[in-house]
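Q: Sequence:
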Amino acid sequence: MAADKYVPRALQAYAEKQKAQDAQKAEMESAYQDFLTDCHYPQDKDGNRMDSAHFVWLVGYHMIRCGWRRSAQPLIKPRAVEAPGVVEGAIEWVPIDAPDDPLEGVENMTFAQINALPEWLKRKAIQRLNGNQDADDDLPEMAEPAWRVTPNIAIKDERPIGDDFVKGIENG
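Residues 249 to 420 in the numbering used here are what the sequence shown lists, from first letter to last.
Warning: the hint list may mix true and false statements.
For lysine to aspartate or glutamate, the following EDC-like pairs were computed, each having C-alpha atoms within a straight-line distance of at most 20 Å [claimed, not checked]:
no. : residue 1 : residue 2
1   : 372       : 336
2   : 372       : 349
3   : 293       : 277
4   : 370       : 348
5   : 325       : 286
6   : 273       : 411
7   : 370       : 352
8   : 325       : 352
9   : 325       : 282
10  : 293       : 340
11  : 325       : 299
12  : 293       : 345
13  : 325       : 294
14  : 325       : 348
15  : 325       : 340
16  : 372       : 340
17  : 293       : 275
Pairwise CB distance ranges, derived in the manner of DEER restraints [unchecked claim]:
no. : residue 1 : residue 2 : range
18  : 296       : 319       : 25 to 31 Å
19  : 264       : 314       : 22 to 28 Å
20  : 336       : 407       : 16 to 22 Å
Simulated from the structure, these hints should not be mistaken for lab results.
Virtual Cβ for every residue (Gly too), placed ideally from N, Cα, C.
Build out the structure end to end from the sequences listed, making use of the hints.
A: See the structure below:
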């Protein structure tokens with residue numbers, strides 16, 4: 249009978265431990281999603297981009313378990329790239345204060361500024377300045393896509409869930 253008075257405390261301790269583990273799992277899942285978002289078409293210092301979709305889940309899983317969490321204010325942000333020959337969902341990384349529309353303020357750009365734009369943006373600028381009508385420009389045909397990645401081989405595409413993050417590290 250004396251053991252009965254310890255049962256509620258034991259259950260309460262177990263429930264508290266379970267609640268803490270559930271909170272940890274939810275936090276890890278959220279951090280994992282942040283990591284995946286930040287690794288969408290990562291770009292190096294030379295502007296080279298990579299399609300990381302086939303391995304980022306593995307690196308993300310490892311980094312979350314190593315303690316990775318977003319702690320600093322970002323310096324860059326993703327901006328959609330909509331150009332001929334570009335894969336759907338493609339992005340470029342731009343300074344955090346850059347406009348979401350790369351042609352914002354095109355009406356105030358000089359000819360030199362428009363001429364300095366990448367070919368696909370130059371075409372869009374001319375089209376926008378022409379009232380969104382097809383532009384009869386003297387630009388050469390676009391020889392290659394404005395954006396590209398080197399293909400990678402996918403091994404598997406399973407996303408971990410909360411229990412997977414703590415597998416093998418839970419105490420008793």
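Q: Run every hint past the structure and note whether it holds.
A: Results of checking the hints against the structure:
Distance check on the hinted pair: residue 372 and residue 336 sit about 18 Å apart at the alpha-carbon level, within 20 Å; holds. Using a Cα cut-off of 20 Å, the hinted pair residue 372 and residue 349 holds, with the two alpha carbons roughly 11 Å apart. Distance restraint check for residue 293 and residue 277: the Cα-Cα separation of roughly 29 Å exceeds the 20 Å cut-off, and the hinted pair is therefore not satisfied. Straight-line distance between C-alpha atoms of residue 370 and residue 348 comes to about 17 Å, which keeps the hinted pair within the 20 Å bound.
The suggested pairing of residue 325 with residue 286 holds, with an alpha-carbon distance near 9 Å, which does not exceed 20 Å. Only pairs whose Cα atoms come within 20 Å are accepted, and residue 273 paired with residue 411 is accepted, the gap being roughly 7 Å. With a C-alpha separation of about 13 Å, the suggested pair residue 370 and residue 352 falls inside the 20 Å cut-off, and the hint holds. With a C-alpha separation of about 16 Å, the suggested pair residue 325 and residue 352 falls inside the 20 Å cut-off, and the hint holds.
Taking the CA atoms of residue 325 and residue 282, the gap is about 13 Å. The hint holds against a cut of 20 Å. With a C-alpha separation of about 13 Å, the suggested pairing of residue 293 with residue 340 holds against the 20 Å cut-off. Proximity of residue 325 to residue 299 is assessed by CA-CA distance (about 17 Å); at most 20 Å being required, the pair is judged to hold. For the hint pairing residue 293 with residue 345, the CA-to-CA distance comes to about 18 Å; that is within 20 Å, so the pair holds.
For the hint linking residue 325 to residue 294, the alpha-carbon distance of about 17 Å falls within 20 Å, and the restraint holds. Distance check on the hinted pair: residue 325 and residue 348 sit about 9 Å apart at the alpha-carbon level, within 20 Å; holds. The straight-line distance between the Cα atoms of residue 325 and residue 340 is roughly 8 Å, inside the 20 Å bound, and the hint therefore holds. Note on residue 372 and residue 340: the hinted pairing holds, with a Cα-Cα distance of about 17 Å set against a maximum of 20 Å.
Restraint check: the Cα-Cα separation between residue 293 and residue 275 comes to about 31 Å, which exceeds 20 Å; the hinted pair is violated. Range check, residue 296 to residue 319: about 26 Å between beta-carbon atoms, so the 25 to 31 Å window is met. Under the hint 22 to 28 Å, the C-beta atoms of residue 264 and residue 314, about 26 Å apart, fit the expected range. Checking the proposed 16 to 22 Å range against residue 336 and residue 407 shows it holds: the Cβ atoms sit about 20 Å from each other.
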